[in-house]
Amino acid sequence: MKTFLRQRLPQITTAGIFLLLFAAASWRYPYFCSTRNVASFFTNNAALGIISVGMTLVIFAGGIDLSVGAVAGFTNIFVTTLVEGHGWSPFPAMALAVGLGALFGTAMGFIIQIFKQPPFLVTLAGMFFARGCAYWISTASIEIKNPTYQQLTNITARLGDTTIHPLPAWILVAVLVGGYILGHHTRFGRNLLAIGGSEQSAMLMGLPVSSTKICSYALCGTLAALGGLVSTFITGSGNSTYGIGLELDAIAVVVIGGTLLTGGRGHLFGTFCGILIIGTIQSAIAFDGSLSSWWTRIITGGLLLAFILLQRLLLRATQKRTA
Amino acid sequence: MSSTQKSSWKNSPAVWPLAGLLLLVVINLIFSKNFFTISQLDGHYFGTPIDIFKDGSICLVLALGMTLVIATGGIDLSVGSVMAIVGAVAATMLQKGQSLPVVLLTSLGVGFLCGLINGLLVCWARIQPIVATLVLMVAGRGIAQVVSNGQQVQILDKHFVFLGNGFLAGLPFAPIFVTALYGVVWLWLRRSATGLFIEATGDNETASRFAGLATDRVRCLAYIASGLCAAVAGLLGASFISDADPLTAGQNMELDAIFAVVIGGTALSGGRFNLLGSYLGAILLQTLTITMYFVGVASAVAPVPKAVLIIVVCLMQSETTRRWLRGLWKKGAVA
Numbered sequence: 001m002k003t004f005l006r007q008r009l010p011q012i013t014t015a016g017i018f019l020l021l022f023a024a025a026s027w028r029y030p031y032f033c034s035t036r037n038v039a040s041f042f043t044n045n046a047a048l049g050i051i052s053v054g055m056t057l058v059i060f061a062g063g064i065d066l067s068v069g070a071v072a073g074f075t076n077i078f079v080t081t082l083v084e085g086h087g088w089s090p091f092p093a094m095a096l097a098v099g100l101g102a103l104f105g106t107a108m109g110f111i112i113q114i115f116k117q118p119p120f121l122v123t124l125a126g127m128f129f130a131r132g133c134a135y136w137i138s139t140a141s142i143e144i145k146n147p148t149y150q151q152l153t154n155i156t157a158r159l160g161d162t163t164i165h166p167l168p169a170w171i172l173v174a175v176l177v178g179g180y181i182l183g184h185h186t187r188f189g190r191n192l193l194a195i196g197g198s199e200q201s202a203m204l205m206g207l208p209v210s211s212t213k214i215c216s217y218a219l220c221g222t223l224a225a226l227g228g229l230v231s232t233f234i235t236g237s238g239n240s241t242y243g244i245g246l247e248l249d250a251i252a253v254v255v256i257g258g259t260l261l262t263g264g265r266g267h268l269f270g271t272f273c274g275i276l277i278i279g280t281i282q283s284a285i286a287f288d289g290s291l292s293s294w295w296t297r298i299i300t301g302g303l304l305l306a307f308i309l310l311q312r313l314l315l316r317a318t319q320k321r322t323a
Numbered sequence: 001m002s003s004t005q006k007s008s009w010k011n012s013p014a015v016w017p018l019a020g021l022l023l024l025v026v027i028n029l030i031f032s033k034n035f036f037t038i039s040q041l042d043g044h045y046f047g048t049p050i051d052i053f054k055d056g057s058i059c060l061v062l063a064l065g066m067t068l069v070i071a072t073g074g075i076d077l078s079v080g081s082v083m084a085i086v087g088a089v090a091a092t093m094l095q096k097g098q099s100l101p102v103v104l105l106t107s108l109g110v111g112f113l114c115g116l117i118n119g120l121l122v123c124w125a126r127i128q129p130i131v132a133t134l135v136l137m138v139a140g141r142g143i144a145q146v147v148s149n150g151q152q153v154q155i156l157d158k159h160f161v162f163l164g165n166g167f168l169a170g171l172p173f174a175p176i177f178v179t180a181l182y183g184v185v186w187l188w189l190r191r192s193a194t195g196l197f198i199e200a201t202g203d204n205e206t207a208s209r210f211a212g213l214a215t216d217r218v219r220c221l222a223y224i225a226s227g228l229c230a231a232v233a234g235l236l237g238a239s240f241i242s243d244a245d246p247l248t249a250g251q252n253m254e255l256d257a258i259f260a261v262v263i264g265g266t267a268l269s270g271g272r273f274n275l276l277g278s279y280l281g282a283i284l285l286q287t288l289t290i291t292m293y294f295v296g297v298a299s300a301v302a303p304v305p306k307a308v309l310i311i312v313v314c315l316m317q318s319e320t321t322r323r324w325l326r327g328l329w330k331k332g333a334v335a
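Chains as they are written, first to last, in the working numbering: chain A, 1 to 323; chain B, 1 to 335.
Think of the hints as simulated: they come from the structure by calculation, not from any bench.
The structure presented is a predicted model; accordingly, all values stated were derived computationally and were not measured.
Incorrect hints may have been included.
Unchecked claim - Distance condition first, Cα-Cα at most 25 Å in a straight line; then the derived SDA-like pairs of lysine to any residue: (1) A:Lys116 to B:Gln128; (2) A:Lys116 to B:Arg272; (3) A:Lys116 to B:Trp329; (4) A:Lys116 to B:Val304; (5) B:Lys158 to B:Phe46; (6) A:Lys116 to B:Thr206.
As the list claims (entries may be wrong) - Derived list of chain B stretches under chain A, where covered just means 3 residues or more per stretch with a C-beta under 8 Å from a C-beta of chain A: (7) 122–133; (8) 255–268; (9) 295–302.
No residue lacks a Cβ here, since even glycine has one placed at the ideal position from N, Cα and C.
Let the sequences and hints guide you as you build the complete structure.
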């Protein structure tokens with residue numbers, strides 16, 4: 001039990017911070033603790049959450065993917081242009097877009113792993129590439145008028161006495177559960193963490209290092225595309241500027257969730273809490289009204305710093321114990 | 001003697017960006033008219049080559065600081081955000097009627113402070129450079145918005161606008177200033193032991209520390225230099241457009257700076273640096289951008305060829321490709 005606590009201390013801290021923040025906000029602002037508001041955490045941050053799950057898996061293996069925001073933006077405009085501009089029916093367009101995301105992730109993973117290039121540089125170039133392609137398609141915003149697509153966007157559910165749009169939230173929950181199973185209950189997930197812990201040891205143990213790492217980037221690309229897709233459900237339109245800076249938010253969510261950025265340690269439960277924390281901050285700032293939206297970035301940055309320092313302290317403490 | 005000179009010339013990392021630059025120049029000579037026309041108006045020179053140096057001066061300054069950081073084996077992702085902060089600070093202070101020297105010193109002070117924060121996080125808290133500078137990258141743009149209250153701030157001060165738009169002996173002031181800065185830094189690094197210290201730290205930190213080098217201080221110094229360079233870039237950027245926009249100032253500039261340094265032959269793994277290469281890399285990048293405008297590529301699409309270029313350069317520098325190419329050449333020789 002004690003080792004469990006010690007191992008999961010970052011995640012427990014994150015959960016604690018979320019509860020504290022949420023309690024403080026509920027005490028400060030009336031109606032904060034309502035089903036509607038909590039449901040909006042999931043709906044509004046569905047894209048960020050989906051992308052964060054992919055990012056968590058990549059970071060597990062000690063990598064990083066800076067292209068996710070741009071890939072989401074590309075998917076966003078790609079699907080809407082296909083559907084609205086070229087008369088495609090939505091589902092093949094969506095499938096193609098997600099497929100492209102997977103292909104793009106695989107290509108980056110291939111360059112990183114086979115040519116031994118630093119992940120942040122390759123994915124940085126990927127970010128430029130995907131964003132440029134998105135602008136290439138269209139720089140104007142496109143409204144979705146396709147009836148099938150609108151039906152998807154307008155799915156509503158009643159939750160208590162309020163009506164919400166639950167589709168993005170469902171997809172987010174599905175991805176979170178899927179990510180949890182993949183990351184913590186399969187051989188693939190254990191391989192990821194082993195590689196992140198020490199790539200050399202993983203190689204010597206005979207784990208499939210190359211294919212696992214390339215797979216993690218492919219998954220991250222797929223989820224980024226899915227995130228871009230979900231964002232069209234939320235806004236009901238396509239926009240090539242969507243997702244600028246989203247990669248930083250995703251990394252912040254993962255780190256706040258207690259996953260070690262050097263890889264090898266972390267938990268998707270933490271990522272889940274990280275999304276809730278970001279949702280709480282955004283909601284609280286919106287509720288307050290007197291604080292401007294840019295405070296979200298500053299607070300996110302501050303939390304990021306606090307968590308990184310906490311990780312350092314924990315790591316130093318464990319090193320001392322083993323030494 | 002001549003053979004050793006030749007091989008050292010061949011091995012110089014500045015050769016690649018120079019070759020790329022020449023290639024672009026040739027392409028432009030053939031395909032675009034008026035690319036090299038320089039006209040004189042009111043004793044000031046105008047023309048595309050001059051524009052390249054003028055518009056490229058921001059990337060040049062950033063690449064200067066970034067080269068030092070990368071040479072120590074680090075990376076500084078925060079330069080774009082620092083540019084935004086410095087621009088916002090300078091514009092807000094000018095609006096409140098502060099005198100120019102005070103504004104400039106404060107701006108440089110802000111850059112110094114940002115660099116110091118990055119340096120302390122990397123050296124004292126032992127956080128990986130990507131992550132440490134990511135914090136300021138995320139928070140920095142928010143801070144810039146707080147400083148300027150989310151507004152674009154217009155700059156009316158004539159002397160400040162001179163920084164970016166003034167002319168010295170008929171040539172734009174900004175690139176001359178930046179080139180002089182490169183000269184000063186080069187002298188400082190290569191005529192004192194500082195450059196060697198930086199390279200030693202990047203090459204093997206443990207060995208350098210055992211050799212009695214204060215590696216933490218060296219690394220911290222590199223981040224401070226990068227912060228100062230970002231401050232200068234922020235001032236130039238605000239001066240170019242007489243306006244400070246906390247949202248878009250310096251956006252994606254960190255990437256351009258890193259690209260310029262990498263194209264210039266400074267390895268991301270650290271341990272050696274080449275200021276001339278970075279200078280050429282930044283100019284190459286700017287020439288590429290302007291060439292694309294000439295060819296008719298929309299400015300928004302410009303990142304695509306840039307991304308392809310950087311990947312190609314990285315792949316050419318990679319050991320795997322070199323081995324593969326060597327193998328190909330050998331097979332050809334046998335056949």
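Okay, the hints, checked on the actual structure:
no. : hint                 : in the structure
1   : A:Lys116 to B:Gln128 : holds (19 Å)
2   : A:Lys116 to B:Arg272 : holds (19 Å)
3   : A:Lys116 to B:Trp329 : holds (22 Å)
4   : A:Lys116 to B:Val304 : holds (22 Å)
5   : B:Lys158 to B:Phe46  : holds (21 Å)
6   : A:Lys116 to B:Thr206 : holds (24 Å)
7   : 122–133              : holds (count 7)
8   : 255–268              : holds (count 4)
9   : 295–302              : holds (count 4)
The earlier numbered hints are all upheld by this structure, with none contradicted.
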